[in-house]
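Respectively, the protein sequence lines represent chains A and B. Residues 12 to 302 (the numbering used here) are what the first sequence spells out, left to right. Residues 12 to 302 (the numbering used here) are what the second sequence spells out, left to right.
Do not rely on the hints blindly, as some may be mistaken.
[As the list claims (entries may be wrong)] If we take Cβ atoms under 7 Å as the criterion, some of the chain A residues that face chain B in the derived model are:
1. Val128
2. Ala135
3. Ala153
4. Cys229
It is worth saying that the hints were derived from the structure and are not from the lab. This one's a predicted model, so the numbers in the text were calculated from it and none came from an experiment. Beta carbons are placed, not taken as given, at the ideal position from N, Cα and C, and that holds for glycine.
2 protein chains.
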Amino acid sequence: MATETGSRVEAALDAVLRRAETQPSPPTLAAAMRHAVFPGGGRVRPRLLLAVAGACGDPRPALSDAAAAAIELLHCASLVHDDMPCFDDAATRRGRPSVHAAFGAPLALLTGDALIVAAFETLARAAPADPQTAAALSLIVARAVGAPGGIVAGQAWESEPQIDVAAYHRAKTGALFVAASTGGAVAAGRDPGPWRVIGEKLGEAYQVADDLADALGCEADLGKPAGQDAAHARPNAVRSLGVGGAVARLEGLVREAVASIPPCPGAGALADLVMLQARRLAPKDLVRSVA
Amino acid sequence: MATETGSRVEAALDAVLRRAETQPSPPTLAAAMRHAVFPGGGRVRPRLLLAVAGACGDPRPALSDAAAAAIELLHCASLVHDDMPCFDDAATRRGRPSVHAAFGAPLALLTGDALIVAAFETLARAAPADPQTAAALSLIVARAVGAPGGIVAGQAWESEPQIDVAAYHRAKTGALFVAASTGGAVAAGRDPGPWRVIGEKLGEAYQVADDLADALGCEADLGKPAGQDAAHARPNAVRSLGVGGAVARLEGLVREAVASIPPCPGAGALADLVMLQARRLAPKDLVRSVA
Numbered sequence: 012m013a014t015e016t017g018s019r020v021e022a023a024l025d026a027v028l029r030r031a032e033t034q035p036s037p038p039t040l041a042a043a044m045r046h047a048v049f050p051g052g053g054r055v056r057p058r059l060l061l062a063v064a065g066a067c068g069d070p071r072p073a074l075s076d077a078a079a080a081a082i083e084l085l086h087c088a089s090l091v092h093d094d095m096p097c098f099d100d101a102a103t104r105r106g107r108p109s110v111h112a113a114f115g116a117p118l119a120l121l122t123g124d125a126l127i128v129a130a131f132e133t134l135a136r137a138a139p140a141d142p143q144t145a146a147a148l149s150l151i152v153a154r155a156v157g158a159p160g161g162i163v164a165g166q167a168w169e170s171e172p173q174i175d176v177a178a179y180h181r182a183k184t185g186a187l188f189v190a191a192s193t194g195g196a197v198a199a200g201r202d203p204g205p206w207r208v209i210g211e212k213l214g215e216a217y218q219v220a221d222d223l224a225d226a227l228g229c230e231a232d233l234g235k236p237a238g239q240d241a242a243h244a245r246p247n248a249v250r251s252l253g254v255g256g257a258v259a260r261l262e263g264l265v266r267e268a269v270a271s272i273p274p275c276p277g278a279g280a281l282a283d284l285v286m287l288q289a290r291r292l293a294p295k296d297l298v299r300s301v302a
Numbered sequence: 012m013a014t015e016t017g018s019r020v021e022a023a024l025d026a027v028l029r030r031a032e033t034q035p036s037p038p039t040l041a042a043a044m045r046h047a048v049f050p051g052g053g054r055v056r057p058r059l060l061l062a063v064a065g066a067c068g069d070p071r072p073a074l075s076d077a078a079a080a081a082i083e084l085l086h087c088a089s090l091v092h093d094d095m096p097c098f099d100d101a102a103t104r105r106g107r108p109s110v111h112a113a114f115g116a117p118l119a120l121l122t123g124d125a126l127i128v129a130a131f132e133t134l135a136r137a138a139p140a141d142p143q144t145a146a147a148l149s150l151i152v153a154r155a156v157g158a159p160g161g162i163v164a165g166q167a168w169e170s171e172p173q174i175d176v177a178a179y180h181r182a183k184t185g186a187l188f189v190a191a192s193t194g195g196a197v198a199a200g201r202d203p204g205p206w207r208v209i210g211e212k213l214g215e216a217y218q219v220a221d222d223l224a225d226a227l228g229c230e231a232d233l234g235k236p237a238g239q240d241a242a243h244a245r246p247n248a249v250r251s252l253g254v255g256g257a258v259a260r261l262e263g264l265v266r267e268a269v270a271s272i273p274p275c276p277g278a279g280a281l282a283d284l285v286m287l288q289a290r291r292l293a294p295k296d297l298v299r300s301v302a
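Please put together the full structure from these sequences, using the hints given.
Next comes the structure, spelled out in structure tokens:
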């Protein structure tokens, strides 16, 4: 299942980019958009979405594919904008030049914008399969990205004089994971409510893993400069819990995520997949202690 | 009708911002979003959308209101990003500090992103009125903003070594006007095809008016620094046609726009409104020769 969901994600993203690359697209914008999306990172969020949809039977794959692509496009857009000089000023991403390093800041700004628009366009294009569900997915995704509680709001907390740490993490990392888990359920025609917790727990686990990689200087795992949290005085789980405490927290969150999976036809396979993915989350140096 | 559409636009935008301002929104982001949207400029695009919907009977105002708000939010987002240091580096907009001047570049970047997301969220929220039409509107709006032919693509042409001037103008200014005219028709349940031309012509007229204001240094009309086209070596109708030629072109485009109005219950009132708006388009110093 893991390999199949992976290739579905790549195919759905490639279809979106091929549309963006048609005439009359300015060629450098098209190239920058592709650079931002391919080759990808772990595709963790869209794979979670497809795994949840699959566990629920996935009766309309056109909708789950569109929602998975939308979530990954929005994640890529946030990375492009976060890497820009006015934020992290990161020259590398996924082991390659970041979009602004390769194409300049103006095109990086436009690339992020175009990817955000492409996400919602992708959902609108899937509407013929079921317009009401497509609209529900569009709303889930929009809430996970915009104000007041999405990743843009999460990033904006970094500019506030007083930071609400819980709201910050929930918005910056958690929101898109919750959109992935609840979006997968909605795409499969299920009630999203019981699927919130797995998204919340995996989002938090992912944040702790990222904090570990950043604090331990695992640039190979990050594919981007490490030590950014300390440099930007951002909250980091290793600073508050220590390395051992952060690893224990990561393990606990993954266990809670698995325990929260609602009854559904593919619950067992989904639990296996989450455990498999969780092993990849931890920095390579720590993988034995987490696995 | 003009006053009524104006107050509908303001009310629809205010409702969007009030949602974005609720807990747990970071307060500075909420303030920056409001700064970007209020007080507005001419609200030319959403008023065109509501005027076209009105001319077609406007049977579902929840949809036309949502589409009008979405189009204005996307226009405001493009202004916020265009004003940023990596583009025009404009310190003023609508006679006040631009968003990056007032709130800094990081928040300006996030504000534009949040406004783009809010536009699509607004359309998704209107879906209960008619999910299929809401999806059609979302697609119209996305095409007008993203790649390959929307305003983001238009802006991206400025970074290309060789500029396709026709594609540049069609994308940068025309696309959102076409979305306004065709979106108004779709929101009212009509075929969008016959409503493309009025959007194209008014978009081009608006571009010529903007070129005139920029070339003639009418900062009061622009509400932003003039002379930007020459400074950034961008195409400008005054450079290619001269002042008299540009004014004649503006008049001709407005006449063609009016002549293109398809048969519909409110065709006469719409023609009057377009002529009235056109007088406001031209720089104040030239208004007598155009009126």
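Each hint tested on the structure:
1. Val128: Given a least distance of 3 Å, the restraint on Val128/A holds.
2. Ala135: Where the cut-off is 7 Å and the nearest Cβ of chain B is about 4 Å from Ala135/A, the hint holds.
3. Ala153: Since chain B brings a Cβ to about 4 Å from Ala153/A, closer than 7 Å, the hint holds.
4. Cys229: Violated: closest Cβ of chain B sits about 26 Å from Cys229/A, beyond 7 Å.
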